[in-house]
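Visitor: Protein sequences, first through last, are from chains A and B. Going by the UniProt record's numbering, the residue at position 244 of the first sequence is 244; the numbering climbs one at a time, nothing skipped. Going by the UniProt record's numbering, the residue at position 202 of the second sequence is 202; the numbering climbs one at a time, nothing skipped.
Certain hints may be false.
When the alpha-carbon atoms are kept at most 16 angstroms apart in a straight line, the in silico EDC-like pairs for lysine to aspartate or glutamate are as follows [stated by the list, open to error]:
| # | chain 1 | residue 1 | chain 2 | residue 2 |
| --- | --- | --- | --- | --- |
| 1 | A | Lys292 | B | Glu172 |
| 2 | A | Lys339 | B | Glu186 |
| 3 | A | Lys339 | B | Glu193 |
| 4 | B | Lys22 | A | Asp194 |
| 5 | A | Lys316 | A | Glu419 |
| 6 | A | Lys313 | A | Glu419 |
| 7 | A | Lys292 | B | Asp169 |
| 8 | A | Lys115 | A | Asp136 |
| 9 | A | Lys280 | B | Asp169 |
| 10 | A | Lys292 | B | Glu21 |
| 11 | B | Lys326 | B | Glu64 |
| 12 | B | Lys267 | A | Asp79 |
| 13 | B | Lys249 | A | Glu112 |
| 14 | A | Lys343 | B | Glu193 |
| 15 | A | Lys232 | A | Asp136 |
| 16 | A | Lys115 | A | Glu236 |
| 17 | B | Lys22 | A | Asp136 |
| 18 | B | Lys255 | A | Asp79 |
| 19 | B | Lys22 | A | Glu189 |
| 20 | A | Lys339 | B | Asp190 |
| 21 | A | Lys316 | A | Asp366 |
| 22 | A | Lys415 | B | Glu193 |
| 23 | B | Lys22 | A | Asp127 |
| 24 | A | Lys343 | B | Glu186 |
| 25 | B | Lys265 | A | Glu74 |
| 26 | B | Lys319 | B | Asp78 |
| 27 | A | Lys232 | A | Glu138 |
| 28 | B | Lys246 | B | Glu336 |
| 29 | B | Lys267 | B | Asp78 |
| 30 | B | Lys252 | A | Glu74 |
| 31 | B | Lys267 | A | Glu74 |
| 32 | A | Lys313 | A | Asp370 |
| 33 | B | Lys189 | A | Asp340 |
| 34 | B | Lys265 | A | Asp79 |
| 35 | A | Lys343 | B | Asp190 |
| 36 | B | Lys22 | A | Glu138 |
| 37 | B | Lys310 | B | Glu60 |
Across the chosen pairs, the derived CB separations fall in these ranges [as the list claims (entries may be wrong)]:
| # | chain 1 | residue 1 | chain 2 | residue 2 | range |
| --- | --- | --- | --- | --- | --- |
| 38 | B | Arg27 | A | Lys114 | 13 to 21 angstroms |
| 39 | B | Arg197 | A | Trp75 | 42 to 50 angstroms |
| 40 | A | Gly52 | B | Ala15 | 53 to 61 angstroms |
Bear in mind the hints are in silico, worked out from the structure with no lab data behind them. C-beta: ideal position from N, C-alpha, C; glycine also.
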Amino acid sequence: MAEETKSGPSRRQFLTSAAALGAGAVAGGASAGTPDPLITEVQDWASGLGDGVDATPYGLPISHEGDVIRRNVEWLTADTISSINFTPIHALDGTITPQGCAFERHHSGAIELKKEDYRLMINGLVDNPLVFTYADLERFPRQNHIYFCECAANTGMEWAGAQLNGAQFTHGMIHNMEYSGVTLRTLLEEAGLDAAGDLKDKWVYVEGADASSNGRSIPMEKALDDVLVAFKANGEALRKEHGYPVRLVVPGWEGNMWIKWLRRIEVMDGPVESREETSKYTDTLEDGTSRKWTWVMDAKSVVTSPSPQAPIKHGKGPLVITGMAWSGHGRITRVDVSKDGGKTWETARLGSTQGDNKALTRFYLDTTWDGEEMLLQSRAMDETGYVQPTKAQLREVRGLNSIYHNNCIQTWHVKANGEAENVEVS
Amino acid sequence: MSKFLNLTAAALILATPAMAEKYGLGRTALPEEIAAWDVDVQPDGTGLPVGSGNAFDGEEIFAEHCAICHGDFAEGIDNWPKLAGGADTLDHEDPLKTVGSYWPYLSTTWDYVNRSMPFGNAQSLSADEVYAIVAYILYSNDLIDDEFELSNETFLDVQMPNAGGFIIDDREATEYAHWRGEPCMENCKDSVEVTMRATVLNVTPDQEHGDAAMAEEAKASPAPAPEAAPEPEPEVAALDAELVAKGEKVFKKCKSCHQVGDNAKHKTGPILNGIYGAAIGGAEGFKYSKTMAGFGGTWDDANLAGFLAKPKKFMKGTKMSFNGLKKEGDIAAMIEYLKSVSQ
Chain A
1 MAEETKSGPS
11 RRQFLTSAAA
21 LGAGAVAGGA
31 SAGTPDPLIT
41 EVQDWASGLG
51 DGVDATPYGL
61 PISHEGDVIR
71 RNVEWLTADT
81 ISSINFTPIH
91 ALDGTITPQG
101 CAFERHHSGA
111 IELKKEDYRL
121 MINGLVDNPL
131 VFTYADLERF
141 PRQNHIYFCE
151 CAANTGMEWA
161 GAQLNGAQFT
171 HGMIHNMEYS
181 GVTLRTLLEE
191 AGLDAAGDLK
201 DKWVYVEGAD
211 ASSNGRSIPM
221 EKALDDVLVA
231 FKANGEALRK
241 EHGYPVRLVV
251 PGWEGNMWIK
261 WLRRIEVMDG
271 PVESREETSK
281 YTDTLEDGTS
291 RKWTWVMDAK
301 SVVTSPSPQA
311 PIKHGKGPLV
321 ITGMAWSGHG
331 RITRVDVSKD
341 GGKTWETARL
351 GSTQGDNKAL
361 TRFYLDTTWD
371 GEEMLLQSRA
381 MDETGYVQPT
391 KAQLREVRGL
401 NSIYHNNCIQ
411 TWHVKANGEA
421 ENVEVS
Chain B
1 MSKFLNLTAA
11 ALILATPAMA
21 EKYGLGRTAL
31 PEEIAAWDVD
41 VQPDGTGLPV
51 GSGNAFDGEE
61 IFAEHCAICH
71 GDFAEGIDNW
81 PKLAGGADTL
91 DHEDPLKTVG
101 SYWPYLSTTW
111 DYVNRSMPFG
121 NAQSLSADEV
131 YAIVAYILYS
141 NDLIDDEFEL
151 SNETFLDVQM
161 PNAGGFIIDD
171 REATEYAHWR
181 GEPCMENCKD
191 SVEVTMRATV
201 LNVTPDQEHG
211 DAAMAEEAKA
221 SPAPAPEAAP
231 EPEPEVAALD
241 AELVAKGEKV
251 FKKCKSCHQV
261 GDNAKHKTGP
271 ILNGIYGAAI
281 GGAEGFKYSK
291 TMAGFGGTWD
301 DANLAGFLAK
311 PKKFMKGTKM
321 SFNGLKKEGD
331 IAAMIEYLKS
341 VSQ
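Please model the complete structure; the sequences and the hints are all you need to start from.
Guide: Dropping the structure here:
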């Protein structure tokens, strides 16, 4: 995957600007020798007028936050239409990902599908095959749940070694939103499952309306458990790039199964073994055999700040180390942080008393930094007692060719000047 | 099937009430509608339509519809998927996963080509064409000879080399069982060495560029001034809007290699903004074939029409592996569309 190398001025520019920020960062501090003109002089904004309420009918972030954007890695794919971009997790806090910067993955591009043109079909081994309009879906009882959606390939470029220098690129194929929708169970029961007979060995095939269709087979147990047919995210309509008007939400399971522009649900007596569940999203082991049906995303965490794109700019003293943790098996119960590459660990404070089920959990380590170099790591534990493994542990079982499901402990080398770099440690 | 839940929980989930509440929403799907959308094919061939094709016919169809990205011999161009080769590489350092070396079921290939290919013009192939293309992919992998007639009846005769190469997720036994419990908190290692650094590779995208572009955009579009007079429409040569729209649709065939618009970049093919009336082989920063670079002249109606109809005949030696537009109407529409992106 990483055969090509790219050279450019970016890193140098980035470091230069980071250093410049570091040098001038004390002006607002407590020990200023001269009065701060931002306080002693009347500023334009304290005197003149701001925008009226009609200036921004639907707002984007203020221009000063213009670098908090999705980014893609051009050499990863042949074309941006069948490709992926990354959430700027290094610049976010809390747990909810705004839709506008939540990562996108399309196989045939983000299509435009109006609610009026939307149809959802349920067929196969059901009592009565049905077609729903968008308006029909809004008349079923609705639920709200917060879940993370992580691409199985998140961190996939790091199997062979430290490669991409930024949390956005190493861990940004993830977002976490509050979904409003109807349970898949409700819709399946509306069509009737008597015709399916014993449900234990039955499957549900789901596909999208786009050209890729991205069909996936889901075992009936999961389909009837917690899968949602969602039409709102974070309170508003799904964005086009996230499957407007309707997508599937498959809590805790790999993002590829979260079918966007959902158009058909078929009850079947076996898996389709589609392209996305055979040639892709299968994990090749060292001996050449491959795991299939590796649906669950195991517990994982990453420090988002400090990190290569979020260096320490304030010098010595109080430092907030923060990051996020999640598990497809349930709740995050604990996150430990190491500053010395895994020799010693401290337990971090979770942003809420207990992590949400199959949703992002924020963690903080409120600490004091003396300007020492750090090898920063985080290690998540979930309610099953599973402990996030090291890369060495994963490699020992799987080798280097799995591509998917890399949930290893990540290391950032934080230097004395506050810059951070993606490294691998022994 | 209960590997991700304990058995009691699984039994509870699967026990749907005998008389689940119905809301009476939706309507019955008609057989024609189900037939139109339910086209998936299962490993045992269920869902395959009647039809057939062989590699000999498939070669030509593949050249026309698939070779632009996948190469004449299914070897893959640039970063586009390689469909052939890679036999016995799955346990190598860098395995080559193709239909021949990796895909366990032939149904997957048929289903995917039929449903989602060609890229940008999906669901445009007839069943016989799909059989022929699949036969050509198999032939390119040395799995059938060029006379083998692939059909709904012979489908299961083809042996896929990696059919037995998959195991069902075994993480519960091989990983979870070992990675649970109280983790080490102190004196966990004797020493720690940095063994690899991302900056040595230097493959991280240039972020300055994106940020600068974003900032530029923010500067360029301040809050709308109140009561600003409407901008006068820029003057443009009269274009046939309907023909432009038709051309835009035809252009989907070209999109996998060519970009147009504000953020267009050179891809496999050059940017086509301003191509109408431009010097042939003249887009700055694009590496043309020698033929194209030395052809001379400009992209006027006659040259565009000739090239679009049969690129390799019109310009022997061009790298553009596109078979040409067959319909004259499509050519006229395409030229009109290219004019529209040239203004």
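Visitor: All the hints need checking, so say for each whether the structure fits it.
Guide: Quick rundown of the hints versus the structure:
For the proposed pair Lys292 (chain A) and Glu172 (chain B), the alpha carbon gap of about 13 angstroms is at most 16 angstroms, so the pair holds. Simply put, Lys339 (chain A) and Glu186 (chain B) have alpha-carbon atoms about 12 angstroms apart, close enough for the 16 angstroms limit, and the pair holds. For the given pair, Lys339 (chain A) sits about 13 angstroms from Glu193 (chain B) by alpha-carbon distance, which is consistent with the 16 angstroms threshold. At roughly 13 angstroms between alpha-carbon atoms, Lys22 (chain B) and Asp194 (chain A) fall within 16 angstroms of each other, so this suggested pair holds.
Using a Cα cut-off of 16 angstroms, the hinted pair Lys316 (chain A) and Glu419 (chain A) holds, with the two alpha carbons roughly 13 angstroms apart. As the CA atoms of Lys313 (chain A) and Glu419 (chain A) are separated by approximately 8 angstroms, the hinted pair is consistent with the 16 angstroms bound. Restraint check for Lys292 (chain A) and Asp169 (chain B): the C-alpha separation of about 6 angstroms stays at or below 16 angstroms, so the hint holds. A distance of roughly 11 angstroms separates the Cα atoms of Lys115 (chain A) and Asp136 (chain A); the hinted pair therefore holds under the 16 angstroms criterion.
Taken as a hint, the Lys280 (chain A) and Asp169 (chain B) pair is honoured in the structure, with Cα atoms around 14 angstroms apart against an allowance of 16 angstroms. Straight-line distance between C-alpha atoms of Lys292 (chain A) and Glu21 (chain B) comes to about 36 angstroms, which puts the hinted pair past the 16 angstroms bound. A distance of roughly 11 angstroms separates the Cα atoms of Lys326 (chain B) and Glu64 (chain B); the hinted pair therefore holds under the 16 angstroms criterion. A hinted pair counts as satisfied when its Cα atoms are at most 16 angstroms apart, and Lys267 (chain B) with Asp79 (chain A) qualifies at roughly 8 angstroms.
At most 16 angstroms may separate the alpha-carbon atoms for a hinted pair to count; Lys249 (chain B) and Glu112 (chain A) meet this at roughly 15 angstroms. Pair hint Lys343 (chain A) plus Glu193 (chain B) holds up; C-alpha atoms about 11 angstroms apart against a cutoff of 16 angstroms. As the CA atoms of Lys232 (chain A) and Asp136 (chain A) are separated by approximately 15 angstroms, the hinted pair is consistent with the 16 angstroms bound. Restraint check for Lys115 (chain A) and Glu236 (chain A): satisfied, since their Cα atoms lie roughly 14 angstroms apart, inside the 16 angstroms limit.
Restraint check: the Cα-Cα separation between Lys22 (chain B) and Asp136 (chain A) comes to about 13 angstroms, which is no more than 16 angstroms; the hinted pair holds. Between Lys255 (chain B) and Asp79 (chain A) the alpha-carbon distance is near 10 angstroms, which keeps this suggested pair within the 16 angstroms criterion. A distance of roughly 7 angstroms separates the Cα atoms of Lys22 (chain B) and Glu189 (chain A); the hinted pair therefore holds under the 16 angstroms criterion. Proximity of Lys339 (chain A) to Asp190 (chain B) is assessed by CA-CA distance (about 15 angstroms); at most 16 angstroms being required, the pair is judged to hold.
The hinted pair formed by Lys316 (chain A) and Asp366 (chain A) meets the criterion: a straight-line CA distance of about 13 angstroms does not exceed 16 angstroms. For the suggested pair Lys415 (chain A) and Glu193 (chain B), the alpha carbons sit about 15 angstroms apart, so the restraint of at most 16 angstroms is met. A threshold of 16 angstroms between alpha carbons decides the hint, and for Lys22 (chain B) with Asp127 (chain A) the separation of about 12 angstroms falls inside it, so the pair holds. Under the criterion of a C-alpha separation no larger than 16 angstroms, the hint pairing Lys343 (chain A) with Glu186 (chain B) is consistent with the structure, at around 6 angstroms.
A threshold of 16 angstroms between alpha carbons decides the hint, and for Lys265 (chain B) with Glu74 (chain A) the separation of about 12 angstroms falls inside it, so the pair holds. The straight-line distance between the Cα atoms of Lys319 (chain B) and Asp78 (chain B) is roughly 13 angstroms, inside the 16 angstroms bound, and the hint therefore holds. Taking the CA atoms of Lys232 (chain A) and Glu138 (chain A), the gap is near 11 angstroms; set against the 16 angstroms cutoff, the hint holds. Only pairs whose Cα atoms come within 16 angstroms are accepted, and Lys246 (chain B) paired with Glu336 (chain B) is accepted, the gap being roughly 9 angstroms.
As the CA atoms of Lys267 (chain B) and Asp78 (chain B) are separated by approximately 10 angstroms, the hinted pair is consistent with the 16 angstroms bound. For the proposed pair Lys252 (chain B) and Glu74 (chain A), the alpha carbon gap of about 21 angstroms is over 16 angstroms, so the pair is violated. A distance of roughly 11 angstroms separates the Cα atoms of Lys267 (chain B) and Glu74 (chain A); the hinted pair therefore holds under the 16 angstroms criterion. For the proposed pair Lys313 (chain A) and Asp370 (chain A), the alpha carbon gap of about 13 angstroms is at most 16 angstroms, so the pair holds.
At most 16 angstroms may separate the alpha-carbon atoms for a hinted pair to count; Lys189 (chain B) and Asp340 (chain A) meet this at roughly 10 angstroms. Of the supplied pair hints, the one linking Lys265 (chain B) and Asp79 (chain A) holds, its CA atoms being roughly 11 angstroms apart against a limit of 16 angstroms. Distance check on the hinted pair: Lys343 (chain A) and Asp190 (chain B) sit about 7 angstroms apart at the alpha-carbon level, within 16 angstroms; holds. Simply put, Lys22 (chain B) and Glu138 (chain A) have alpha-carbon atoms about 15 angstroms apart, close enough for the 16 angstroms limit, and the pair holds.
Simply put, Lys310 (chain B) and Glu60 (chain B) have alpha-carbon atoms about 15 angstroms apart, close enough for the 16 angstroms limit, and the pair holds. At roughly 19 angstroms, the beta carbons of Arg27 (chain B) and Lys114 (chain A) sit within the given window of 13 to 21 angstroms. Checked against the hint of 42 to 50 angstroms, the pair Arg197 (chain B) and Trp75 (chain A) fails, with Cβ atoms roughly 19 angstroms apart. Look at Gly52 (chain A) against Ala15 (chain B): about 58 angstroms separates their beta carbons, and that is inside 53 to 61 angstroms.
Figure legend: structure checked against the earlier numbered hints; hints not met, in rising order: 10, 30, 39.
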